[in-house]
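Colleague: Single-letter residue listing:
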Amino acid sequence: MASQTAAPVPGVLPLVVESMVKRFGAVTALDGVSLELRAGECLGLLGPNGAGKSTLIRGIVGRVIPDAGRIAVFGEPASSPAARAALGWVPQDLAVYPRLSCRENLLSFGRYQGLSGSQLKESVAWCLKWAALEDRAGDLTGTLSGGMKRRLNMAAGILHRPRVVLMDEPTVGVDPQSRIRIFEMIEELRAGGRSIIYTTHYMEEAERLCDRIAIIDHGRVIAVGSNQELLQSTFAARTEVRARFAGDSTKVAAWVESRGGRMADAVAEITLAHPTEIAALLESASAAGLELDDVSLRRPNLESVFLHLTGRELRD
Amino acid sequence: MLAIIRTALLSLRRDRPALALSFLLPIAFFSIFAVIFGGQRNTLPRVGVIVVDEDQSTASRALLRGLQQEGSLRVVLRPDSAHKGVELPAYTAQSAEAAVKAGDVSVALVVPKGFGQNPISFAPNQAGPSIQLLSDSSDPIAPQMVAGLLQKTALTALGPAMAEKGSLYFEHYAGGFTPEQHQRIQESLTEMRKMESAESSHTPAAGSASSGGMIAVQNHTVLGENKNKPIVSFYAAAIGVMFLLFTASGVAGSLLDEAESGTLDRVLSSRVTMTRLLGGKMAYNVLLAFAQLTLMFLWAWLVFNVDLPHHIPGFVVMGLSTAVAVSAFGILLASICHSRSQLGSLSTLLILMMSAIGGSMFPRYLMPAAVQKVGLFTINAWAIDGFTKVFWRDLPVMDLWPQVAVLLGVGVVLFLVARRIARRWENA
Numbered sequence: 001m002a003s004q005t006a007a008p009v010p011g012v013l014p015l016v017v018e019s020m021v022k023r024f025g026a027v028t029a030l031d032g033v034s035l036e037l038r039a040g041e042c043l044g045l046l047g048p049n050g051a052g053k054s055t056l057i058r059g060i061v062g063r064v065i066p067d068a069g070r071i072a073v074f075g076e077p078a079s080s081p082a083a084r085a086a087l088g089w090v091p092q093d094l095a096v097y098p099r100l101s102c103r104e105n106l107l108s109f110g111r112y113q114g115l116s117g118s119q120l121k122e123s124v125a126w127c128l129k130w131a132a133l134e135d136r137a138g139d140l141t142g143t144l145s146g147g148m149k150r151r152l153n154m155a156a157g158i159l160h161r162p163r164v165v166l167m168d169e170p171t172v173g174v175d176p177q178s179r180i181r182i183f184e185m186i187e188e189l190r191a192g193g194r195s196i197i198y199t200t201h202y203m204e205e206a207e208r209l210c211d212r213i214a215i216i217d218h219g220r221v222i223a224v225g226s227n228q229e230l231l232q233s234t235f236a237a238r239t240e241v242r243a244r245f246a247g248d249s250t251k252v253a254a255w256v257e258s259r260g261g262r263m264a265d266a267v268a269e270i271t272l273a274h275p276t277e278i279a280a281l282l283e284s285a286s287a288a289g290l291e292l293d294d295v296s297l298r299r300p301n302l303e304s305v306f307l308h309l310t311g312r313e314l315r316d
Numbered sequence: 317m318l319a320i321i322r323t324a325l326l327s328l329r330r331d332r333p334a335l336a337l338s339f340l341l342p343i344a345f346f347s348i349f350a351v352i353f354g355g356q357r358n359t360l361p362r363v364g365v366i367v368v369d370e371d372q373s374t375a376s377r378a379l380l381r382g383l384q385q386e387g388s389l390r391v392v393l394r395p396d397s398a399h400k401g402v403e404l405p406a407y408t409a410q411s412a413e414a415a416v417k418a419g420d421v422s423v424a425l426v427v428p429k430g431f432g433q434n435p436i437s438f439a440p441n442q443a444g445p446s447i448q449l450l451s452d453s454s455d456p457i458a459p460q461m462v463a464g465l466l467q468k469t470a471l472t473a474l475g476p477a478m479a480e481k482g483s484l485y486f487e488h489y490a491g492g493f494t495p496e497q498h499q500r501i502q503e504s505l506t507e508m509r510k511m512e513s514a515e516s517s518h519t520p521a522a523g524s525a526s527s528g529g530m531i532a533v534q535n536h537t538v539l540g541e542n543k544n545k546p547i548v549s550f551y552a553a554a555i556g557v558m559f560l561l562f563t564a565s566g567v568a569g570s571l572l573d574e575a576e577s578g579t580l581d582r583v584l585s586s587r588v589t590m591t592r593l594l595g596g597k598m599a600y601n602v603l604l605a606f607a608q609l610t611l612m613f614l615w616a617w618l619v620f621n622v623d624l625p626h627h628i629p630g631f632v633v634m635g636l637s638t639a640v641a642v643s644a645f646g647i648l649l650a651s652i653c654h655s656r657s658q659l660g661s662l663s664t665l666l667i668l669m670m671s672a673i674g675g676s677m678f679p680r681y682l683m684p685a686a687v688q689k690v691g692l693f694t695i696n697a698w699a700i701d702g703f704t705k706v707f708w709r710d711l712p713v714m715d716l717w718p719q720v721a722v723l724l725g726v727g728v729v730l731f732l733v734a735r736r737i738a739r740r741w742e743n744a
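Protein sequences, first through last, are from chains A and B. Be aware that the first sequence starts at 1, since it is given in the numbering used here, and climbs by one per residue. Be aware that the second sequence starts at 317, since it is given in the numbering used here, and climbs by one per residue.
If you are wondering where the hints come from, they were derived from the structure by calculation, not from laboratory data. Source: prediction; values computed, not measured. A virtual CB, placed ideally from N, CA and C, is assigned to each residue, including glycine. Honestly, I wouldn't trust all of these hints.
[Said to hold, decoys possible] Here are the in silico distance ranges between beta carbons for each label pair:
(1) A:Pro81 - B:Leu611: 37 to 47 Å
(2) B:Arg322 - A:Gly69: 39 to 49 Å
(3) A:Leu140 - B:Leu611: 36 to 46 Å
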């Protein structure tokens, strides 16, 4: 395996995507996406459903042929055997054999990746331990809980010890406890030096796991940076005000627009350069004849960034 | 209640191929059976019979003409030549027997030398040399039909011999004729023989009663004489192949399950290519199909006395060839279909049609000639013919080459077509 794996070379990035375009008929799923994955980092792809995250991941692993653009894994074309061996993919679907046990599934996928003999056995044992499935190794996959299936799905993707791991929404449909276990598994991978791309539409996952976050929408990367960088570049030191008003909604909306804010689910969202400006804002509302129900101040978060950049909720 | 019906109808309407097949399947089957059985009323399949005339007497030639004029018989005198205009030598007793053993025809008649001296007898042990009727007992109908028609033809085609024999009997048992009666009989017989020699046209009387045996016929079962329950080996192959086809398409359907679950994507993102994946599925299907056939014939051997131990090489060759063809058929169907329900409907339609016209449900020799020819486009027909050669005709493995070549050829072609169609799964 080692001979065919693209080895890390100083100065060569684990993954580079340049101007990737993919169209499905009239729909442009990826519209010139470019991004870099640095050694040992976890890069989050944050975007709503249909933003193009999965298409990008599928393009990197060769399951989608781009109409334009270039993908390099440790400097090698993504379609090369060395690049394929260096990539590990955890698809969004539960892509395991339901009638095989956990161990049998891992043995099968290990063989598909070219592992054999003691190397295969060691990898399977390591994956079962990593996924905390050792005591369920002989159980049929169909009988596992949703969280266990997700962990097995992840284990099958990293069985061949890839240096770059692509995870496509690995926590979809799992309970909070299992989600925490999955976070721990990912942190363990990062500690092992793997470079990870992690797609999600859960802001809190991106905030917890990712060194940098690429916000993707309508097939385009609209911002990249660390959580702090994104907040700083978008909002600087601004504070977000969320307020509810009673009475005529048209009147409320007109006032919110005049203050540079927006209405979301009957909540007025307005940003202030400094928290002390709240008093002046409320006076303005009162002067406009609006009756305040409740008000709160909060620091902007990734969701606010996404909303600000796209005009849409992250989970639209 | 109405809501459930509405939901079910909506689901069915979304799967248009399944909807079409659910209506198409019964119509297709009705049509197939109507063609096979309905057509038989007007176009009864003619029984092929080889006739070897070693006697070349007036009586034997008259008998041959009579047989040739029988509408339900197809008299064959010499093998078909591969080259147009080239006539091969007529069958001999030996080559006729070989042809029956090879399954070219089910019955052969050998008219021996001396038959014409005394062709008719009204009592046992008074006839001359017997006509030899060579038959293959796998076809229980044809020998009896030919034997009956032979007696009928004797009644209608051997007029002078009948008259002469009748007068001799009368003379023997009634005390003789007067000289004048004797002279008239001789004149009449001479006239009849002249007519017979002139090969005058002769039409056998329709519906005449069959004789209890006025010409001596000796029956020889040249094939299957010592075999128990001959039809069992046929059905072991016939039913086996039909279910192999069902199993192969069902197993190949795992491709569709894997495509739906995303497992196929994951497999193809590893080092496994589509060609290797399909090749692996094909190899698994072949092994499974061969195991199924082996179990079927082991059962047939243990319970129904089909002689498997003495036919193992032929069984292995035919079993593997059949397994290759049915496996590729299954892979092709799976690659064509987009869902399990489509695969279920299409495979049921095709497999039952193939089994009906290919001889898995009833022997092809009972079907009209045209349907028999169409049957050659099915895997069933070639597989059954091959197994019949092995278990029934005891032919050596080398004689299986046409069946093996066709089945392996079909397997390779279907696999290549399936590989081409499977490109849709490779990437978007």
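Colleague: Mind listing which of the numbered hints don't hold for this structure, in increasing order?
Modeller: Structure breaks hint 3 only.
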